[in-house]
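Chain A is already provided as a structure; the job is to place chain B on it using the hints.
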Amino acid sequence: MSLLEVKNLRVTFDTETGKVEAVRGVSFSLGHERLGIVGESGSGKTMTGRSVLRLIRPPGRIEADAMTFDGQDILHASEREMRALRGKRIGMVMQDPKYSLNPVMTVGRQLTEGLRLRDGLGRADATAKAIAALEAVQIRDPARVMEAYPHELSGGMGQRVMIAMMLIPEPELLIADEPTSALDVTVQAEVLSILDGLVRDRGMGLIFISHDLRLVARFCDRVLVMHKGLVVEEIAAAHLMEAKHPYTRGLLNCLPRIGGPREPLPVLDRAGF
Amino acid sequence: MTSIPAPPSRSRLLPLVKQILLGLGTLAITLLGLLLITFIIARVVPTDPVLSIVGERATEAQIAAIREKLGLDLPMWQQFAIYVWDAMRGDLGNSIKTGAPVASEIARYFPATLELATLGTIFGTLVGVPAGVLAATRPGSISDQIVRVVGLMGYSMPVFWLGLIGLLVFYGQLDWVAGPGRLDPTYDMMMEFTLTSYTGMILIDSALNGAWDVFGNAVSHIILPAGLLGYVSMAYISRMTRSFMMNELGQEYITTARVKGMPEWRVIWVHAMKNVLVPLITVIALSYAYLLEGSVLTETIFAWPGLGSYITDALFSADMPAVLGGTVVVGVAFVTLNMASDILYRLVDPRART
Chain A
320 MSLLEVKNLR VTFDTETGKV EAVRGVSFSL GHERLGIVGE SGSGKTMTGR
370 SVLRLIRPPG RIEADAMTFD GQDILHASER EMRALRGKRI GMVMQDPKYS
420 LNPVMTVGRQ LTEGLRLRDG LGRADATAKA IAALEAVQIR DPARVMEAYP
470 HELSGGMGQR VMIAMMLIPE PELLIADEPT SALDVTVQAE VLSILDGLVR
520 DRGMGLIFIS HDLRLVARFC DRVLVMHKGL VVEEIAAAHL MEAKHPYTRG
570 LLNCLPRIGG PREPLPVLDR AGF
Chain B
2 MTSIPAPPSR SRLLPLVKQI LLGLGTLAIT LLGLLLITFI IARVVPTDPV
52 LSIVGERATE AQIAAIREKL GLDLPMWQQF AIYVWDAMRG DLGNSIKTGA
102 PVASEIARYF PATLELATLG TIFGTLVGVP AGVLAATRPG SISDQIVRVV
152 GLMGYSMPVF WLGLIGLLVF YGQLDWVAGP GRLDPTYDMM MEFTLTSYTG
202 MILIDSALNG AWDVFGNAVS HIILPAGLLG YVSMAYISRM TRSFMMNELG
252 QEYITTARVK GMPEWRVIWV HAMKNVLVPL ITVIALSYAY LLEGSVLTET
302 IFAWPGLGSY ITDALFSADM PAVLGGTVVV GVAFVTLNMA SDILYRLVDP
352 RART
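Sequence order for the protein chains is A and B. FYI, the numbering for the first sequence is 320 to 592, going by the numbering used here. FYI, the numbering for the second sequence is 2 to 355, going by the numbering used here.
FYI, nobody ran anything at the bench for these hints, they're computed from the structure. The C-beta atom is built at its ideal place from N, Cα and C for all residues, glycine as well. Be a bit skeptical, because a hint or two may be false.
To be verified - Part of the chain B face toward chain A, derived, beta carbon under 8 Å: (1) 256; (2) 272; (3) 276.
Same shape as in the complex, but just chain A (with noise of 0.2 Å):
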């Protein structure tokens, strides 16, 4: 049975103007696997995310077939039970570790907060699990780390610190949205590398979530295109370079290439989707 089973998902704003609609019915499932989802911005890839926790902020709204996680489901699940699935079971990785972490608590609070609170551990054994889960990130002070502010790491330390957050619980079903998107190049690798690493050992399912092809037909298995809140094309990653759907193509036509003619590049033709 598959982890994650999501039908006909649709997320609607109402706003004064009307509706709105970010998502307009995406079914996909995920198994112990690494699907990627890319899109350009606004497509729905991160409302899409999202909706699999059941964080959409209201006035949004969430609607779909249905939804199931391991045989539960997620749809009609009330807020505790969702409580106990995040951070338990699906773990979510944002963008930007300097907004995505809370700058006036200090990392140690942020990572043992969890095993505190749901898990009732001491103050020393949430301690001794954090700084582990610091060095399976490879942050090589993690006690000074512990120590420190949001504020006084750099944004590659700030990314493992988060991952590190979200695996401390040993989750099954990672939601990685952009994880690597406000990283230096050459730090987006060491991440990516981290995050390849421990989704392999830990059999994980992955969500990864992002706009650059290239990563995703790297990193993933399989790959979802969206384009205006629909999936327009499911293919392996392997063959994501000999997509057919107008749009895929589109968007790879687009990407620049070492060595490639210096002519600018081609503008997403829009007419044909």
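Using the frame of chain A, we list chain B on its own:
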């Protein structure tokens, strides 16, 4: 793997001590500036201190004698130095009206204002912050509307009117609270003659003396004016809390806390509140300082012998030393509060510490 930049040294106390010392330095400079301004005002206003002492029919010799006694024949800078030196020793000159030292008069009046303003700020914060949070977590709901309307009334209704209506209803009609003044006359006498005065604040002094009947009477006197001032500052604090909280709840770290499965109370009161506190401290300090300046209207309506009415009375009788002495005290209170809020601000916001 790249090298990891070292976080700064972990001593949290040292920067704070430095900050306090720096603050004290600023405090001294600000106060010197304040004294310079009051000094200049005293020389510029068209009231002649000599004339107001000796009267209109004094001889030239008498006037000259008084001028010399007051030090008015000295050069300006020397007069200023003497003024600063005296102020530092707590000597703000003598009141022209009563002849008593201004400092000791203010020492009698200021505690009344301090007591009232502190209680008002406590009311305003205890009600305003939860009200603002409630409104922010349910924008557009009935509770949001109620907080908004009640706050708007606090903003827009004149204090003297609210005070009069309050007296009329709670004192005149319902008789739930005592009327104007700090104490009933009997208790006032008790306070004056049988109890030891430690702070000049009746609530604290009577409690320290164990005189609970006096304490009770003082509570019943202060509750209405303090509630009134509390309402006004609550209106301000709840609006600001609402907007700060709305802003924080839209931040990404709030999503992180929710992804971690934190319960909603913790998301709001720990994760968001710790960030709301940073700007809120300044707001509360400002509103406290505003009340400390002595709310003249409230003090007048409730016959409250505080700094506001002291300065106003002094103004009407052109008692310049008293007016300026009061101004200096208000200034000191203002600057001290600002410094306190600066230090608190650094305590809650690690980014402001380094």
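### Hint check, residue 256 of chain B versus chain A [nearest Cβ-Cβ separation less than 8 Å]
Residue 256 of chain B check passes; min Cβ-Cβ to chain A is 6 Å, inside 8 Å.
### Message
Is the interface hint satisfied for residue 276 of chain B? The criterion is a beta-carbon contact with chain A at less than 8 Å.
### Response
holds, 6 Å
### Message
For the restraint on residue 272 of chain B, tell me whether the closest CB of chain A is nearer than 8 Å.
### Response
Nearest chain A Cβ about 6 Å off; hint holds.
Taken one by one, the earlier hints all hold for this structure without exception.
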